[in-house]
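Sequence order for the protein chains is A and B. Using my numbering, read the first sequence as starting at 1 and increasing by one per residue. Using my numbering, read the second sequence as starting at 1 and increasing by one per residue.
Derived from the structure by calculation, the hints contain no laboratory data. Every residue gets a Cβ at the ideal spot worked out from N, C-alpha and C, and that includes glycine. One thing to keep in mind: the hints can contain errors.
To be verified - With a straight-line cut-off of 30 Å between C-alpha atoms, the simulated DSSO-like cross-links for lysine-lysine are:
{"hint": "1", "chain 1": "B", "residue 1": "Lys99", "chain 2": "A", "residue 2": "Lys55"}
{"hint": "2", "chain 1": "A", "residue 1": "Lys41", "chain 2": "B", "residue 2": "Lys22"}
{"hint": "3", "chain 1": "B", "residue 1": "Lys99", "chain 2": "A", "residue 2": "Lys66"}
Claimed, not checked - Not everything, but these chain B residues come out facing chain A in the computed CB check (under 8 Å):
{"hint": "4", "residue": "Val13"}
{"hint": "5", "residue": "Tyr32"}
{"hint": "6", "residue": "Pro40"}
{"hint": "7", "residue": "Asn41"}
{"hint": "8", "residue": "Arg42"}
{"hint": "9", "residue": "Phe46"}
{"hint": "10", "residue": "Ile51"}
{"hint": "11", "residue": "Gly53"}
{"hint": "12", "residue": "Phe63"}
{"hint": "13", "residue": "Lys77"}
{"hint": "14", "residue": "Phe90"}
{"hint": "15", "residue": "Lys99"}
{"hint": "16", "residue": "Ile100"}
{"hint": "17", "residue": "Lys104"}
{"hint": "18", "residue": "Gly105"}
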Amino acid sequence: GAVVSQHPSRVICKSGTSVKIECRSLDFQATTMFWYRQFPKQSLMLMATSNEGSKATYEQGVEKDKFLINHASLTLSTLTVTSAHPEDSSFYICSGTSGRSTNRGDTQYFGPGTRLTVL
Amino acid sequence: AQSVAQPEDQVNVAEGNPLTVKCTYSVSGNPYLFWYVQYPNRGLQFLLKYITGDNLVKGSYGFEAEFNKSQTSFHLKKPSALVSDSALYFCAVREKGDKIIFGKGTRLHILP
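With the rest of the complex left out, here is chain B (with noise of 0.2 Å):
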């Protein structure tokens, strides 16, 4: 069965600096990768997915992702942390069916 996990449940870095959010999967095929990002009392916003192709995915308001088979990951990266980029964030991945499996969420917060 397909499942996805976020071990941090809450990551805080200085402004500015470089931030990472984790993410790892396990699929018994090729997985479909996704990031959103939700804002409170929002619904979730579409930030980049990896289909197939370039192992670095780019995506909305400067966040990009690396897929990494061997590793089973697919970490949310962003060079210099915005205030504003304080959300939550779900990984999400989709493998066989019509199903997608959401992350437990990372509470992101970046300090000015």
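Pulled out of the complex, with its shape left as it was, chain A reads as follows (with noise of 0.2 Å):
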């Protein structure tokens, strides 16, 4: 299957301070890349959808202002958690698909999952 990374794979920050998460797609173009958020013993919640070129879809609850998504390649996309704090600690997973995010046959093949701590 399509190989999709991570990184880091774990970082711990001081509140009030940007965090960086990049995914990178690395054997496919990923036209569509998807940032979800995962609570201990939870399941996923999908953050916002973004298409090659495009702004990102933010779910409904999520701010726009605080999770920065940027795919500015076909390889890459990058989350940017603004002013973090210790309520956004949590498990970052991406995932990406070749097609637009409208085939909803498409399967997500995802990274490996970064873990935020905030202190």
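Both chains are given apart, each in its own frame, so use the hints to dock them into the complex.
Next up, the structure:
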């Protein structure tokens, strides 16, 4: 299957600082990338969907000014958590598909996740 | 609105026995259904999907799932469980629009 990497795998930061998480598709062009948040022992919560070259579409309740998403190329998307607070501590997972976000049969390929801890 | 349910938080199976992880869904049209597996501190790995065609879908690592329209189910199965199958399994459905909905997950324990 297709490979998606995330960097860093784990990050600890102080409250009020910003953290950038990178998501890369290594062997395919990810036309669409998704960002999820997963709380302990819970399912994935979709935060936003981004099509390459377009602005991200955020899910209801997700602050777009706090969670900045950039999808400038077909192999890279970044999520920046701005002015992080302890409640932002979570496991963040990205995924990519080669098709547009409306292609509902496309398989999503997931990155290994980034564990963010905000002190 | 579309939804997916995994009624079991945890399933315990002895190694070598068949396993089933249950999933039911609710959509207004034709569903696209997926199973993913997650190992500790890892992202999700794709196992299989149903789009159309044969109701029995075969996937990775010997897993298969059967689409049952009348029962609105898409249970994941494997004839003989391995200890290495122990993980968290997510069922997902995608109907209209561009959002995939995940179930809450079922933790599978294979007992040696």
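Structure-based check of all given hints:
Restraint check for Lys99 (chain B) and Lys55 (chain A): satisfied, since their Cα atoms lie roughly 16 Å apart, inside the 30 Å limit. A hinted pair counts as satisfied when its Cα atoms are at most 30 Å apart, and Lys41 (chain A) with Lys22 (chain B) qualifies at roughly 18 Å. Only pairs whose Cα atoms come within 30 Å are accepted, and Lys99 (chain B) paired with Lys66 (chain A) is accepted, the gap being roughly 21 Å. The beta carbon of Val13 (chain B) is not positioned within 8 Å of any beta carbon in chain A (closest approach about 20 Å), and the interface hint is therefore violated.
For Tyr32 (chain B), the interface hint holds, since its Cβ comes within 8 Å of a Cβ in chain A; the closest pair sits about 5 Å apart. Interface restraint check: Pro40 (chain B) against chain A, minimum CB-CB distance 10 Å, threshold 8 Å, status violated. Taken as an interface hint, Asn41 (chain B) checks out: its beta carbon lies about 7 Å from the nearest beta carbon of chain A, inside 8 Å. Given hint, Arg42 (chain B) at the interface with chain A, holds; its Cβ is 5 Å from that chain's nearest Cβ, closer than 8 Å.
At its closest, the beta carbon of Phe46 (chain B) sits 5 Å from a beta carbon of chain A; the interface hint therefore holds under the 8 Å criterion. For Ile51 (chain B), the shortest C-beta to C-beta distance to chain A is roughly 5 Å, which falls under 8 Å, so the interface hint holds. With a cut of 8 Å, the hint placing Gly53 (chain B) at the interface with chain A is violated, because the nearest CB-to-CB distance is about 12 Å. Annotation: interface hint on Phe63 (chain B) violated; nearest CB of chain A at approximately 14 Å, more than 8 Å.
With 8 Å as the threshold, the beta carbon of Lys77 (chain B) stays out of range of chain A, its nearest partner Cβ sitting at about 20 Å, so the hint is violated. A distance limit of 8 Å between C-beta atoms decides the matter here; for Phe90 (chain B) the minimum to chain A is near 7 Å, and the interface restraint holds. Interface hint status for Lys99 (chain B): upheld, as the beta-carbon distance to the closest one in chain A is roughly 6 Å, under 8 Å. Annotation: Ile100 (chain B) was flagged as interfacial toward chain A, and the flag holds, the nearest CB pair being 7 Å apart, inside 8 Å.
Because the beta carbon of Lys104 (chain B) sits about 5 Å from the nearest beta carbon in chain A, less than 8 Å, this interface hint is met. Among the interface hints, the one on Gly105 (chain B) holds; its C-beta lies about 6 Å from the nearest C-beta in chain A, closer than the 8 Å criterion.
In summary, the structure is inconsistent with hints 4, 6, 11, 12, 13 from the numbered list given earlier, while agreeing with the others.
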